[in-house]
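Chains as they are written, first to last, in our numbering: chain A, 1 to 233; chain B, 234 to 519.
Be careful, since some hints might not be right.
To be verified - Below, a sample of chain B positions facing chain A; criterion: calculated Cβ distance under 7 Å: (1) L297; (2) P300; (3) V301; (4) V333; (5) G334; (6) L352; (7) D353; (8) R397; (9) R403; (10) E410; (11) R413; (12) G414; (13) D418; (14) E494.
What the hints assert, rightly or not - Coverage of chain A stretches by chain B, computed from C-beta distances (three or more under 8 Å per stretch; other residues unrestricted): (15) 76-83; (16) 196-209.
By construction, these hints were calculated from the structure, which means they are not laboratory data. All values reported here derive from a predicted model rather than from experimental measurement. Built from N, CA and C at the ideal position, the CB exists for glycine as well.
Listed below are the residues making up each chain.
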Amino acid sequence: MSILEVQDIHTFYGDAYVLQGLSLKVEEGQILGLLGRNGVGKTTLVNSIVGFNPPRRGKIIFKGMDITHVSSFETVRGGMGLVPQGRRVFPSLSVEENLKVAERGAGRHGWNLERVYALFPHLRERRAQRARTLSGGEQQMLAIGRGLMTNPDCLIMDEPSEGLAPIIIQGVWEAIGKLKGEGLSILLVEQNAALALKLIDYVHVMSKGRVVYSAAPQELWANEEVKSSFLGI
Amino acid sequence: MDTKFWVIQAFNGVSYGALLFLLASGLSLIFGVMRIVNLAHGSFFLLGGYVALTVIWTTNSWLLALPVAALVIGVVGLLMERVFLRPLGFDPLRQVLLTVGFAYLFQQAALDIWGGDNLDIVPPGMLKESAVVGGVYFPMYRVFMIGMAVVMGLILWLTMEKTRMGAMIRATVDDSEMARGVGIDTSRVSMFIFALGAFLAALGGVIGGAFLGIYPGLDFVILPIAFAVVIIGGMGSLTGAAVGSLLVGLADNFGKALFPEISYFTIYAPMVLILALKPTGLFGRE
């Protein structure tokens, strides 16, 4: 059963025709990886799904419901969690406030302050600090924790490794692994293919606004042609 | 010019600043949340004064006029946001233009309903007396103005800083799209803030009506002063509105007392200076 299904969407960013008939499915309890170079439309896809930039054509089905033109806040309240590109924590809010403003759907999976702090003990130490004073890694943890506070059935993570030191990435990856272990469905958007392949169950490769290749991670890793032409490795 | 002069002028400046705070805090919050400059904000101030007059004429109660006028204009603001601003979507330019239109509509409506005379709101007798401290007379009404601004400021500050609702408002000011991305209904937040801004401006109108008078054109007299406050203090910041109000209140009073020929200069010169040195204002964000 797929929890999230994107059906042939066409999305414009201003005048630019970015997503040109993109389809994908996130299966329940799995991590779907979406790889591709910079500028192929990965973040536009994320923005289309959460409703920041709805598609002009096509459909997005979440938990069996058409959410194509549902407003972002309702989509999120309905169980779609977002960890956006660039983290976008609320800089003037404290760490704890960042988490609290996102708290909803408590009956769904039982995520609350305590559980987020248990997952990222570092955040507890910084709870009273303004988010703008956090390091990049801490901000990423906060962004993930904030996404979890919405008690998502499906979590979209856009470039969670971006701009982080390898040691920090390791911690973030361990946390994502734990979430997967708890059965959370995740759409992981990444530029760093080698990193993403460690976690994901299935992978789509994007180019020019479309999915051009889909496979199991090992298969992709063995396919030098796809790797070099679409991922640059 | 002795100590007395400075004390009295400072007191007058602070009390005028208190009035400006009621007006400008709402303007600043509306800008922070909705990214629009509400050009009808002076109208809320003026209409608040007129509605208060009607309440006073019918019930003879100034004490009743204060909350009633603020609530009525708060509802006017709420309807304006829901019925006219919201349908325009997240489009600040068209929203600002709409507020200009409303400013003129409100002006004409006020003229039709309340006429063109210069009216006065007379406060209850108790507030017309003065307290004497160390040989200096402090009008009770101005003390009341300061008290009112402090109370409203405290309520606003506690709500903004200590409640989840306040944190949601600040999250919307920080990044409204991402606020929606964590499930915050930012459209609701806008409605609430716009109504609150109208409420506060009207409250200012009732209170200010006692010493500014209530007359056609007051809306556009008071609006640029409110702008000076938020430009100096920084758009979207409550602390900024408080500090800006104090600075403008003091500058206006000392300007009028010391250099009456160029009194406008003393308000707008600091504004120009701030715009040149720190365009986001003292407490504004980029």
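* Holds or violated: is the Cβ of B:D418 closer than 7 Å to a Cβ in chain A? -> Cβ of B:D418 sits 5 Å from chain A, so the hint holds.
* To do: Verify the interface restraint on B:R413: the C-beta must sit less than 7 Å from at least one C-beta of chain A.
  => holds (4 Å)
* Answer holds if the nearest beta-carbon of chain A is closer than 7 Å to that of B:D353; otherwise answer violated. => violated (42 Å)
* Grab the minimum C-beta distance from B:P300 to chain A and call the hint holds if it beats 7 Å, violated otherwise. => Because about 30 Å separates B:P300 from the closest Cβ in chain A, which is outside the 7 Å limit, the hint is violated.
* **chain A contact restraint for B:L297 - C-beta distance below 7 Å** => violated (37 Å)
* Asked: Can we keep the B:G334 interface hint, with Cβ of chain A closer than 7 Å?
  -> Hint on B:G334: violated, closest Cβ of chain A at ~27 Å, above 7 Å.
* Asked: Are there at least three residues in the region 76-83 of chain A whose beta carbon sits under 8 Å from a beta carbon of chain B?
  -> This one holds; 3 residues, not fewer than the three required, reach chain B with a Cβ under 8 Å.
* For the hint on B:R403, just tell me whether its beta-carbon gets within less than 7 Å of chain A. => holds (6 Å)
* Taking the closest Cβ pair, is B:R397 under 7 Å from chain A? -> Holds. Min distance 6 Å.
* Minimum Cβ distance from B:G414 to chain A below 7 Å? -> holds (5 Å)
* **Three-residue Cβ test at 8 Å for the coverage of the region 196-209 of chain A by chain B** => With 0 residues in contact (Cβ-Cβ under 8 Å with chain B), the coverage given for the region 196-209 of chain A is violated.
* Asked: Under the criterion of a CB-CB separation shorter than 7 Å, is B:E410 in contact with chain A as hinted?
  -> holds (6 Å)
Comparing the model with each numbered hint stated earlier shows that hints 1, 2, 3, 4, 5, 6, 7, 14 and 16 do not hold.
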